[in-house]
Amino acid sequence: MYKILSAEFIAPNVKKLVIEAPKIARKRQAGQFVIIRTSDNGERVPLTIADSNLDEGSITIIVQGIGKTTKELNAHEQGDYILDVVGPLGKPSHIEKFGVAVSIGGGVGTAIAYPTAVALKRAGNYTISIIGGRSKEYVILEDEMKKVCDEVFVTTDDGSYGYHGFVTQKLKELIDAKRQIDFVLAIGPIPMMRAVAEVTRKPKIKTVVSLNPIMVDGTGMCGGCRATVDNKTVFVCVDGPEFDAHKVDFETLERRNRTYKSDEETALNNYMCRSEEAMLKAANQK
Amino acid sequence: MSKLSNKERMKIPRQNMPEQDSLTRRNNFGEVNLGFTEELAKMEALRCIQCPKPTCVEGCPVGVKIRDFISLVAEGDYLGAAAKIKEDNMLPAVCGRVCPQEEQCEIKCIVGKKNEPVAIGRLERFVADYERDLVGIRTPQLKPKTGKKVAIIGSGPAGLSCAGDLIQMGHDVTVFEALHELGGVLIYGIPEFRLPKDIVKAEVESLKKLGVDFQTNAVIGFTDTVDELMANGYDSVFIAVGAGLPYFLKIEGENLNGVYSANEFLTRVNLMKAYLFPEYDTPVFHVKDKNVAVFGGGNTAMDAVRTSKRLGAKNAYIIYRRSDVEMPARKEEIHHAKEEGIEFLFLSNPVEFIGDKDGWLKGVKLQKMELGEPDASGRRRPIPVAGSEYIIDIDMAVIAIGNGSNPIIQKTTPDLQYNKWGNIVVNEQTMQTSKKGVFAGGDIVTGGATVILAMGAGRKAAAAINEYLKSSN
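In order, the protein sequence lines correspond to chains A and B. Under this note's numbering, the first residue of the first sequence is numbered 1, with each subsequent residue one higher. Under this note's numbering, the first residue of the second sequence is numbered 287, with each subsequent residue one higher.
These are calculated hints, taken from the structure and not from any lab test. Keep in mind that the hints are not guaranteed to be accurate.
Said to hold, decoys possible - Straight-line distance between alpha carbons at most 27 Å, and here's what the computed BS3-like set of lysine-lysine pairs gives:
#1 Lys147(A) with Lys27(A)
#2 Lys247(A) with Lys494(B)
#3 Lys97(A) with Lys71(A)
#4 Lys91(A) with Lys706(B)
#5 Lys206(A) with Lys697(B)
#6 Lys3(A) with Lys16(A)
#7 Lys328(B) with Lys23(A)
#8 Lys487(B) with Lys232(A)
#9 Lys487(B) with Lys429(B)
#10 Lys697(B) with Lys91(A)
The structure presented is a predicted model; accordingly, all values stated were derived computationally and were not measured.
Looking at chain B on its own, in the form it has when it is part of the complex:
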């Protein structure tokens, strides 16, 4: 079977992943993508030409041995493939679902130069799901205990990947989480239909099995400060608290009832399970047969608007001030959103929210924009068109324009070095902060980014923390 020539391999079309029908899925919170079957996975794996110098690996922030795991898939050794991935990535089922592979590994795929790239993300997901469903997640061997203790602040992707590496290196690891559940943005932010919570829980469980100690309800800064952790027996601290302070539009009417940040809307629905109210206690605005507008063009905006559709919204709009080509969301998410009946209003900028006499949101005044010269982000700058204001009726608004840095660590650890946006300044090679033994990574350093970049930062920090602990003997 592996005797295929490259020419023959190139002839195999990229395999489609089965998904829930769009009309069905927009009424449920079940996962949209259903994953490869064994046959599809094998066929897809055969498309890989096994490059001597695999460029795909360069595109992966955590350096997963992509070629090697795909070769194992082609041979039908799925458990072997899972073990191979986990040499570099402890959360393959999560990454297989939410990584923007099309911008990272797949864009570098040689097959993709002429044809469509090998579906690396779908294969990663298949392998991880196969292992979990068949035998449960297996954990790798640990190095002998070093007697060193590391505190990790935040159980999101950066914290989890750092914890996974450090525990394997033989260090004791405690992860502190402010919320009552583990997983950070994977739990409160990304919806069930894109990343089932059971999958996050299973991957967290595998870290527990390795011996990582998790403490929920611990807001570092308040419960303990970074300095207190260092003074109380931790040899190093990794700060991975995420961005977590939502930006608002700063326009009139933003505090009307029915206006949410994406963080609040998604946290209510995902973490607190408001879509199951009153079985669960936390409510969320009743959007059934109402109009919803989500402001922003990123993945979070897509998550919010598709969530509102599933809650029964009549019309659900994405309102974005630039045009479709500038939208930062993944193509797949935009495509799925369109299939589900989401309407996109491009080149439109909100200038005012309008309420009724009781303070409930009733509409939004939008202004048309046109694109000018590229700005600092390299995207063409939207410029308001004078006299172009118009009003649309909406009952709920979700603002998904990004996050600033959360102030709690800064207020309680003022002697760390921060930039003007409140992000922690680190050495980019080592993630070392200005404070001895303290490292930081993920959104608190970069500002809002992706799950896999945060995981990459977590792994980089783990390697540097390991070196630091060795040298501080």
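The following block holds chain A by itself, in its conformation from the complex:
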């Protein structure tokens, strides 16, 4: 059992959970993930480690409540326990001194881009980050990014904050303005990562994305997370999760991620019904 040391919403439906896991905190590197299971009947879900704290032996994960398990996770409060946390899994981000490195985070993807931005800065890169959200309240980790990056651009789809537009548009502007860019890391929804890959393909800027396929064990045993990269099959859990964006077959990734769509809806509906019943019951008891 893994204790939750703190839990707070940092955007609508997006919760930051600090979990006591000293071994993982000690070993984890940027780009690695954990697999979490919340109950005896629960599924195993991979979540990237956003941060760690060696003094308190904790790791931070940032969870957007989308399906049943992530919503259930987001119902956890400080002092609650999580049944299973295993990790750190996956290959760490490949970090070197590229020169100018741009870390791009779309929505909750910023939580995954953040640790790598920190590592890129530490390696001596001039670091720029472009972080975006649908609107102002969906932009996360702006202060944290500002602490580690030389420049931070915030974008919102509706223009309610920062640059009005997508992260890709901001990136394209930098490229068009002939800013030197030697490396791009892009993490977010698949369409966004795909769009970034297209922006950097022609100028041949080395670009890395972190893939988010469906996983079960997370240690290479099941092959459920396989993706097509450079026309070859890879296991994202052990060969990744980071890959050359220009070689990733995003269409296959997106399609495979839809495999259980109707089941995910069933699980979510059942969960929401049960939560509502529980709330009604609690209200009636009062």
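Starting from the known structure of chain A, arrange chain B on it as the hints suggest.
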């Protein structure tokens, strides 16, 4: 009763084990075999002629004292028989169910030269179940503590058998498991209808009772490396992580939705209990009234295809590129599969998976094969017949053609010696690796094999680790 002559013993027919009717069982996940009754067990035990030099024992990778335990069964001393088995095998209820006895102990049975061999596996299972149901699993006496600590990586059959021996020798034992449940392939791989999970859990519990410390959610290599374990107070490490990196066919369309490795399909159903979705959160492809093809001819392929039938598949095929005689699966499993309505397509090799416009699997193109000269495995090599391609409609495919070695240990302990397939190289007598104090056994050494061979390797390693710890005082 034990006054029977050998001639009289030989006249007793091999006793059949009751099983669930095939039409009923293909709709449930309950165990297929129901086990001997006391009467059947006694009768079967009387068939054993108590050879002065029991050849059956030579056939057992862990050297269970087969003759002696069967003699106790014949006398009705079932608890005594259980204790006798456990002198050599801490997991008798598991082995009684999943060992290929017909290739190991039973093939060596003298009675079997003229008649059918004594049903050693069924008797082992009976004895283990009898003890567990009557008094719970009893644990043997431990030797005095040695103060030595051993880390075992992996809680599958090799790890568990090694742990069982070492704890009895007086060493402290910690078993590290990557998954959230203990048992390795016994839990994630072998289905409930062949090996109920409660039985695995009971046998793991007995090791806990002996004092074995189990740590789940520990991926050695990531959580701690082998070197860190050695540096952090463990005197020896046994690597028993299994094979665990599924092979795919490397053909077009393999990443379509609906194509699984056997490991994934079975893990979803067995470990994650997807057959109970949505009571359990993990889903699996809905095969009800759909067509399923499983590629491969081993026990894992049989497990997968029979699982898909239980999930409601309309047609469930085994597609195998050689003929029925080359299939590596146990006869019993093939027989059970046929009874349950599994269809076998022999001499057929997949060349392409075909999807619909949304990327869902819809069919597979197969090519007919014919058998040529024997290959390195001694089996006749399948050769494609030109122009023989045909397509069958399938909605789900499961690829069960074996496993390569998992890369995590190799990447994080590069200074161990590996062969070109990534298997750890060991001294076959001692299971000692190229690294001092580090031993390895099971599928990570041999490549995909059987539960009992892994257990045999675990026991061999335990003996060698014991010697090593004594000599390193």
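The hints, checked one at a time:
no.	hint	verdict
1	Lys147(A) with Lys27(A)	holds, 23 Å
2	Lys247(A) with Lys494(B)	violated, 48 Å
3	Lys97(A) with Lys71(A)	violated, 38 Å
4	Lys91(A) with Lys706(B)	holds, 22 Å
5	Lys206(A) with Lys697(B)	holds, 25 Å
6	Lys3(A) with Lys16(A)	holds, 14 Å
7	Lys328(B) with Lys23(A)	violated, 53 Å
8	Lys487(B) with Lys232(A)	violated, 39 Å
9	Lys487(B) with Lys429(B)	holds, 25 Å
10	Lys697(B) with Lys91(A)	holds, 10 Å
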